[in-house]
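Generate coordinates for the entire structure from the input sequences, incorporating the hints supplied.
Below, each chain spelled out in residue letters.
There are 2 protein chains.
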Amino acid sequence: MRLVDIDDLEAITLGATLLGTGGGGDPFIARLMTHQAIEDNGPIRVVAPDELDDDDLVVTVAVIGAPTVIIEKVPSGPEFVAAVEALSSYLGQEIKAIMPVEVGGMNTLIPLTVASELGLPCVDADGMRRAFPQIEMTTFTLAGLSASPMCLADEKGNKIAFEATSNQVGERLVRGSAMMLGLANAIALYAMTVRQLKEAAIVGSMEYAIKVGDLLLAVQRNEPGSWEAFYKFTEGRTLFEGKVIDLDRRTTTGFARGTVVIEAFDETSRTMRIEIQNELLLGIEDGRTVITPPDLICLLDHETAEPITTETLAYGQRVRVLGLPCASEWHRDGFLDVVGPRAFGYDVDYVNFGGN
Amino acid sequence: MRLVDIDDLEAITLGATLLGTGGGGDPFIARLMTHQAIEDNGPIRVVAPDELDDDDLVVTVAVIGAPTVIIEKVPSGPEFVAAVEALSSYLGQEIKAIMPVEVGGMNTLIPLTVASELGLPCVDADGMRRAFPQIEMTTFTLAGLSASPMCLADEKGNKIAFEATSNQVGERLVRGSAMMLGLANAIALYAMTVRQLKEAAIVGSMEYAIKVGDLLLAVQRNEPGSWEAFYKFTEGRTLFEGKVIDLDRRTTTGFARGTVVIEAFDETSRTMRIEIQNELLLGIEDGRTVITPPDLICLLDHETAEPITTETLAYGQRVRVLGLPCASEWHRDGFLDVVGPRAFGYDVDYVNFGGN
Chain V
115 MRLVDIDDLE AITLGATLLG TGGGGDPFIA RLMTHQAIED NGPIRVVAPD
165 ELDDDDLVVT VAVIGAPTVI IEKVPSGPEF VAAVEALSSY LGQEIKAIMP
215 VEVGGMNTLI PLTVASELGL PCVDADGMRR AFPQIEMTTF TLAGLSASPM
265 CLADEKGNKI AFEATSNQVG ERLVRGSAMM LGLANAIALY AMTVRQLKEA
315 AIVGSMEYAI KVGDLLLAVQ RNEPGSWEAF YKFTEGRTLF EGKVIDLDRR
365 TTTGFARGTV VIEAFDETSR TMRIEIQNEL LLGIEDGRTV ITPPDLICLL
415 DHETAEPITT ETLAYGQRVR VLGLPCASEW HRDGFLDVVG PRAFGYDVDY
465 VNFGGN
Chain R
115 MRLVDIDDLE AITLGATLLG TGGGGDPFIA RLMTHQAIED NGPIRVVAPD
165 ELDDDDLVVT VAVIGAPTVI IEKVPSGPEF VAAVEALSSY LGQEIKAIMP
215 VEVGGMNTLI PLTVASELGL PCVDADGMRR AFPQIEMTTF TLAGLSASPM
265 CLADEKGNKI AFEATSNQVG ERLVRGSAMM LGLANAIALY AMTVRQLKEA
315 AIVGSMEYAI KVGDLLLAVQ RNEPGSWEAF YKFTEGRTLF EGKVIDLDRR
365 TTTGFARGTV VIEAFDETSR TMRIEIQNEL LLGIEDGRTV ITPPDLICLL
415 DHETAEPITT ETLAYGQRVR VLGLPCASEW HRDGFLDVVG PRAFGYDVDY
465 VNFGGN
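These protein sequences, in sequence, are chains V and R. Count along the first sequence from 1, add 114, and you get the number used in the numbering used here. Count along the second sequence from 1, add 114, and you get the number used in the numbering used here.
Read the hints as simulated data drawn from the structure, not as lab findings. Watch out, some of these pointers could steer you wrong.
Claimed, not checked - With a straight-line cut-off of 25 Å between C-alpha atoms, the simulated SDA-like cross-links for lysine to any residue are:
no.: 1; chain 1: R; residue 1: LYS270; chain 2: V; residue 2: SER260
no.: 2; chain 1: V; residue 1: LYS325; chain 2: V; residue 2: ILE120
no.: 3; chain 1: V; residue 1: LYS270; chain 2: R; residue 2: ARG286
no.: 4; chain 1: R; residue 1: LYS270; chain 2: V; residue 2: GLY290
no.: 5; chain 1: R; residue 1: LYS325; chain 2: R; residue 2: GLN150
no.: 6; chain 1: V; residue 1: LYS346; chain 2: V; residue 2: VAL333
no.: 7; chain 1: R; residue 1: LYS210; chain 2: V; residue 2: LEU205
no.: 8; chain 1: V; residue 1: LYS210; chain 2: R; residue 2: ASN336
no.: 9; chain 1: V; residue 1: LYS210; chain 2: R; residue 2: GLY206
no.: 10; chain 1: V; residue 1: LYS270; chain 2: R; residue 2: ALA457
no.: 11; chain 1: V; residue 1: LYS270; chain 2: R; residue 2: MET293
no.: 12; chain 1: V; residue 1: LYS270; chain 2: R; residue 2: GLY290
no.: 13; chain 1: R; residue 1: LYS357; chain 2: R; residue 2: TYR345
no.: 14; chain 1: R; residue 1: LYS346; chain 2: R; residue 2: HIS445
no.: 15; chain 1: R; residue 1: LYS270; chain 2: V; residue 2: ASP451
no.: 16; chain 1: V; residue 1: LYS325; chain 2: V; residue 2: GLU165
no.: 17; chain 1: V; residue 1: LYS270; chain 2: R; residue 2: LEU256
no.: 18; chain 1: V; residue 1: LYS325; chain 2: V; residue 2: LYS346
no.: 19; chain 1: R; residue 1: LYS270; chain 2: R; residue 2: HIS149
no.: 20; chain 1: R; residue 1: LYS312; chain 2: R; residue 2: LEU232
no.: 21; chain 1: R; residue 1: LYS312; chain 2: R; residue 2: LEU166
no.: 22; chain 1: R; residue 1: LYS270; chain 2: V; residue 2: ALA257
no.: 23; chain 1: R; residue 1: LYS270; chain 2: V; residue 2: LEU205
no.: 24; chain 1: V; residue 1: LYS357; chain 2: V; residue 2: GLY430
no.: 25; chain 1: R; residue 1: LYS270; chain 2: V; residue 2: ALA457
no.: 26; chain 1: V; residue 1: LYS325; chain 2: V; residue 2: THR418
no.: 27; chain 1: V; residue 1: LYS210; chain 2: V; residue 2: PRO192
no.: 28; chain 1: V; residue 1: LYS270; chain 2: R; residue 2: LEU259
no.: 29; chain 1: R; residue 1: LYS357; chain 2: R; residue 2: LEU331
Right, dumping it as structure tokens:
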């Protein structure tokens, strides 16, 4: 067990923002919620799956919506507890632990807050170890687990429980209702036993986020060898460095979509185009696809090494494009159907970035 | 108690079609379902509220969607039972009787079918005694009852349970999900005790539909004095007779909307315009509003006296426009907020058609 205290929040938040790959909502908002929860209830217990009973029921909890909306309509808190309690009541079963569905973006910190408020531990595991725009895009789906029943709640007291015939159908239904409720709601989903979790989840993703956050903090402090340490641990590399010369963003059908074009500092004829669907998804350098989902594209401010979210992207920004390989748990049969480029509607082949 | 047998279906269906005021789905499709249910399970028990215990739980069940879609995507049946069972399970309570939410359109016959399949009685009462396009437009809402929890089900096995902060919000949420599920789904809602039902429902609406159907059958058979008998019982009158000269229909945001213009047989300078939102809602004669919701506008074929639904409306049709006063139960404090013309977005005053 690890106790997450207020001192840990800086690294977790930074790691979560990086793994948000430009999306996943602004973790700095969630950080305020977590900070308050720790002040109210003390340090938060983060446990390994082995510390729980195999039959214990675990659920994931998240904010769902478009980051562009979430940043303006800050989740207020009680709707997350309401969503978890609605799911527990719907199942008629007691929930023993909370888990993030994605360690990446604000959905890294929200489960910590909810765990604290419910007096439950948070499991050090998730279904993405990054952010993805759709709720079915998890290693849970890959392992054949159902996201349903899913409980959606808003800050006004509206609650909706879904039982969908597939996680893909469930995503469409939940997204539709979230649009009706204002596009920034709480959802509890993927109820599973610890036994199922051990098979299906990416274990250790919370620790991974903290470690990545610590390493990036060292980079930001310009510590010697910090970039090398970061690259070594993440097995990532810098893909491109340049200036934002074109930016197109729009919020449609419940998603923040867009395209950003970056021009190299040194050679103005070299450009990288990144396609956005809540997250940075596809990296195309001079017409050649160089990185695809589920591998990670992260944008950093070139001077401060601060991660840039798609909402804060701006024309003229000087940026570094990082590529990180996805969690090895993704490399299982059928993963491209769940999170490969074609799952996002991009007609390109997967580029095996990490060499897995 | 009345036993509804196959012989009763002609009058019920005709009465339901008339009270559908052009909408409410095509009852002839529902009639096939009810016919099958009676063949399978015998005559259907229709009971007065007094025949049940005051504490018995009653729920309404309906098809939700746009009539233009429902006519092409015939409800298959099991989803209605699934919706009721999901609601029972959600409440953790046994349901003792089924009730129509609207006696008008196919939602008159579907509750009979569901009652038959579940081996339950159907209560002779409803919340509209006509069809309305939105689920909150009931005397139940007027009496302060909540439509939630509401359970939506489709023919594929998807199920959604809603707890909305108001019946108006609930309508929007359900409509949104119904659009996602293909716009012709089953919904169970307005769970209430018989005690509440007695206060809030329009009692006797099923008998009313049968009686109206019988009277219209007599008209169709050209029996002497049949129109007089029809007018006497319904307190209605013919508002206009003429030919359809303009027709505009579109399915948008989950509703079939449109406008029909009828030109008088005798004087071509006289026209009546009727505004449609699933149902025929507003009658305007030569620029003067002559009938408004909740009173009923019914279109009949001028020769056969067969009710015309908005889907079967056609250019050149020769029609009779009937006006019928709504059930007297509507004339309670606040009814215009729930079903007056402004509740449909029409900026006109209520015309007290029935003189209540």
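Verification of the supplied hints:
1. R/LYS270 x V/SER260: holds, 16 Å
2. V/LYS325 x V/ILE120: holds, 16 Å
3. V/LYS270 x R/ARG286: holds, 15 Å
4. R/LYS270 x V/GLY290: holds, 18 Å
5. R/LYS325 x R/GLN150: Holds. R/LYS325 to R/GLN150 sits at ~23 Å (cutoff 25 Å).
6. V/LYS346 x V/VAL333: Within the cut-off at roughly 13 Å; holds.
7. R/LYS210 x V/LEU205: Holds - the C-alpha atoms of V/LEU205 and R/LYS210 are around 24 Å apart, at most 25 Å.
8. V/LYS210 x R/ASN336: violated, 72 Å
9. V/LYS210 x R/GLY206: The given pair, whose Cα atoms are some 23 Å apart, holds under the 25 Å limit.
10. V/LYS270 x R/ALA457: OK: V/LYS270 and R/ALA457 at ~23 Å, within 25 Å.
11. V/LYS270 x R/MET293: holds, 23 Å
12. V/LYS270 x R/GLY290: Distance ~18 Å between V/LYS270 and R/GLY290 Cα, so the pair holds.
13. R/LYS357 x R/TYR345: Distance ~22 Å between R/LYS357 and R/TYR345 Cα, so the pair holds.
14. R/LYS346 x R/HIS445: holds, 20 Å
15. R/LYS270 x V/ASP451: holds, 22 Å
16. V/LYS325 x V/GLU165: holds, 21 Å
17. V/LYS270 x R/LEU256: holds, 22 Å
18. V/LYS325 x V/LYS346: holds, 12 Å
19. R/LYS270 x R/HIS149: Judged against 25 Å, a Cα distance of about 23 Å means the pair holds.
20. R/LYS312 x R/LEU232: Cα-Cα ~23 Å, so holds.
21. R/LYS312 x R/LEU166: holds, 11 Å
22. R/LYS270 x V/ALA257: Judged against 25 Å, a Cα distance of about 23 Å means the pair holds.
23. R/LYS270 x V/LEU205: Cα-Cα ~21 Å, so holds.
24. V/LYS357 x V/GLY430: This hinted pair holds, its Cα atoms lying about 6 Å apart.
25. R/LYS270 x V/ALA457: Between R/LYS270 and V/ALA457 the Cα gap is close to 23 Å, so the pair holds against 25 Å.
26. V/LYS325 x V/THR418: Holds - the C-alpha atoms of V/THR418 and V/LYS325 are around 19 Å apart, at most 25 Å.
27. V/LYS210 x V/PRO192: holds, 19 Å
28. V/LYS270 x R/LEU259: The hint holds at about 19 Å.
29. R/LYS357 x R/LEU331: Satisfied, since the Cα-Cα distance of roughly 23 Å is no more than 25 Å.
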